Amino acid sequence: MKTIVATLALGALLAVTGTAGAKEWKTVRIASEGAYPPWNATDPSGKLIGFEVDLGNDLCKRMKVTCEFVAQDWDGIIPALQQGKYDAIMSGMTITGERKNVIDFSVPYGTEPSVFAVAAASPLAKSLNIGVDRSDLNNEAAAKPVIDKLAEALKGKSVGVQVSTIHIDFMEKHLSKVSMRSYDKMDNAGIDLASGRVDAILGDRSVVEAIVKAEPGKMVVVGPNIIGGVIGEGMGVGLRKADADLKKLFDTAIGEALKDGTVKKLSTQHFGYDITPN
Amino acid sequence: MNWQLMWDSLPRMLGGMGLTLQLIGGSLALGAVVAFAVALLRLSGNRPVEWIAGAYVFVFRGTPLLVQIFLIYYGLGQFEFVRDSILWPVLREPMWCAILALTLNTGAYTSEVLRGAILSVPQGQIEAARACGMSRALAFRRIVLPVAVRQMLPAYGNEVILMVKASSLASTITLMEITGIARRMIAQTFAVFELFIVAGAIYLILNFVASRLIKYAEWRLTPYLRARA
Amino acid sequence: MLELLSFGPNGWGGQLLTGTAMTVAVAVSAFAFGIVMGSLGASAKLSHSLILNALADVYTTVVRGIPELLVIYLLFFGGNGVVSAIASAFGYDGRVELNAFTIGVVAVGLISGAYSTEVIRGAVRSVPFGQIEAARACGMGRWLILRRVLVPQTMRFALPGLGNVWQLTLKDTALVSVTALAELMRATHLAAGATREPFLFYSAAAVLYLALTTVSTILFDRAEQTANRGVRRA
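Chains as they are written, first to last, in UniProt numbering: chain A, 1 to 278; chain B, 1 to 229; chain C, 1 to 234.
Just so you know, the hints here were simulated from the structure itself, not pulled from any lab data. Every value quoted in this text rests on a predicted model; they were computed, and no experiment measured them. C-beta: ideal position from N, C-alpha, C; glycine also. Do not rely on the hints blindly, as some may be mistaken.
Claimed, not checked - Pairs of lysine to any residue, SDA-like flavour, derived with a Cα cap of 25 angstroms: (1) A:K100 x B:D8; (2) B:K215 x C:D57; (3) A:K144 x A:S158.
Said to hold, decoys possible - Stretches of chain A that chain B covers, calculated by requiring three or more beta carbons in the stretch to come under 8 angstroms of a beta carbon on chain B: (4) 67-78; (5) 190-203; (6) 253-263.
Claimed, not checked - Pairwise CB distance ranges (calculated): (7) B:L221 x C:G130: 33 to 43 angstroms; (8) B:N2 x C:I86: 17 to 27 angstroms; (9) A:E233 x B:A55: 28 to 38 angstroms.
The following block holds chain A by itself, in its conformation from the complex (with noise of 0.2 angstroms):
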């Protein structure tokens, strides 16, 4: 008697998925931050828009599965892949080596610099702009001076970036004695940078872009275009490493969706650009 009790009650408080090993995929669960425009962001209604949701749909239909958004707290959305809450991963993620030490990834669908944006009255604006338009920390021996002069000019000023990102990683390794504020949303560094709490932040460039223009002439993207190194190699889509049929799928449906030009035509509408990876 009791354990059919206890049966009941632990079935109606489940919620029961699908059948787990080999499988056909039907449905994939896709985790999203929704406050990461362009990338991803959510409607007064609450519903995910963005380029990640306009791409993962049309990536679903090429893999021909049904796909569902589902909200997630940046902060938590890789340890939540591996609980199993969702499949995937498409919130403006860059594919990095210590990600892959615990989760798998697509090939890139995207890739973008990261820069900074201090408050346009601010002796940063100047200071920051060091005459350098694009920076590939790859290229160490190019990469240093740039390093040094960014250092020099961030002497005693905070930067606010996004927890659990690339951009901590380069403030860590590159600039270790700047101070840091993190942040659980990108958001929320733009409010601290408009309101003077830090001196600048640092980010994906069509974010900080889209923060900036969100209170026009009050703040300006400074400095040069950071790439290669900590800030990796793209955005993909997050899978779990078990799922190696699922992340098959999303490869092939990417490739066919970059050949064919819809990713393209997808960022231009959503950046304004395009930021397909090359």
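Position chains B and C against the provided structure of chain A, taking the given hints into account.
Frame of chain A, contents of chains B and C only:
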């Protein structure tokens, strides 16, 4: 369960202890001042003053602390006039915003505890003090307050424990106290379960120590209740 | 600016209201679950079994001693593992999953239950023993005494304390927002970030929470009056 990782995380996690203790200590000390003032205002007999103090208690007891923290940190920082005011050097710092939110929160709860304790002091004792020729202020200082403080200690002990726990919410506004460090380490190791268990254990020990301290204070303040040797 | 709070396509009003409904749903379910846990906990604490005493003590001490945020995170990331283990013990091999709502209810309910345990235990003990003796003398059996004497009186004594637990529970649901469940706090957080109007939205949330706590205070006061209608006043 990765025991090695849990053990190794301990020193770094304990590095956040200083900040956690500052948050708790700062907000409890300031909160006691606020509570004292508000409790007196609510018993002042002046209607408008009582109403304002009551409204403060109502608002801060009726909303989640998380809302209060965000309202003070992100909400106030939004306004030009706040940023231009002399308060900005204080409100600019996440640390002070957290202490302010925790102080106002615990101040509201503690003022209720204190008010109840003051009201529970037997009228006869106050009459006796007055009959001995004490002024109202003196009777309050010598009789009412000491009795009330002893009376409120058990309930205040619960409030202290709530504050120890509440300090963890400071991590939501970029502060690197124990929970903040745990979250940062999780971002690097992805070991959610292990690291939150370590953090939880630290809070448990903090609360154990806090409740012992309150028990000790109770024991010290009530010598007349102890069995005679 | 008020357009942002409206119910139109550009307003977040609808989200705030559905969020409020979700908050109430989580709070009510968690409170109910908490009362079940609290009753179990109180009976364990009042039983003569040392093991049950110890178990209940560990439950209330641990859950009340660690931050609510950690309890929720631990369940969110660890709950699935535990449930899957239980499921496979029952011979089910598929993947079992707790949704965000269930996790929120269980997490907040566990916290609520730890506080309810103390309230209910105190209430049971304040039922005068003479009444139970009297019931026995009338020839009532154990169940009848429980049903007719102990439970109704305990409920009356427990009401004020449970009212406080309800307020705690309602406010604790704000922390469930970290599991991405679309309750009031999360809707507010998203709206504040997306519109860059934190003051407006957090104030709106504060007003909504205040409305909830005020209404529930009134309801609990009514319930207390009803429960005490047969009690002689001094």
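Right, here's what the structure says about each hint:
no.: 1; hint: A:K100 x B:D8; in the structure: holds, 23 angstroms
no.: 2; hint: B:K215 x C:D57; in the structure: holds, 18 angstroms
no.: 3; hint: A:K144 x A:S158; in the structure: holds, 21 angstroms
no.: 4; hint: 67-78; in the structure: holds (count 3)
no.: 5; hint: 190-203; in the structure: holds (count 5)
no.: 6; hint: 253-263; in the structure: violated (count 0)
no.: 7; hint: B:L221 x C:G130: 33 to 43 angstroms; in the structure: holds, 35 angstroms
no.: 8; hint: B:N2 x C:I86: 17 to 27 angstroms; in the structure: holds, 22 angstroms
no.: 9; hint: A:E233 x B:A55: 28 to 38 angstroms; in the structure: violated, 56 angstroms
The structure fails to meet hints 6, 9 from the earlier list, while all remaining hints are met.
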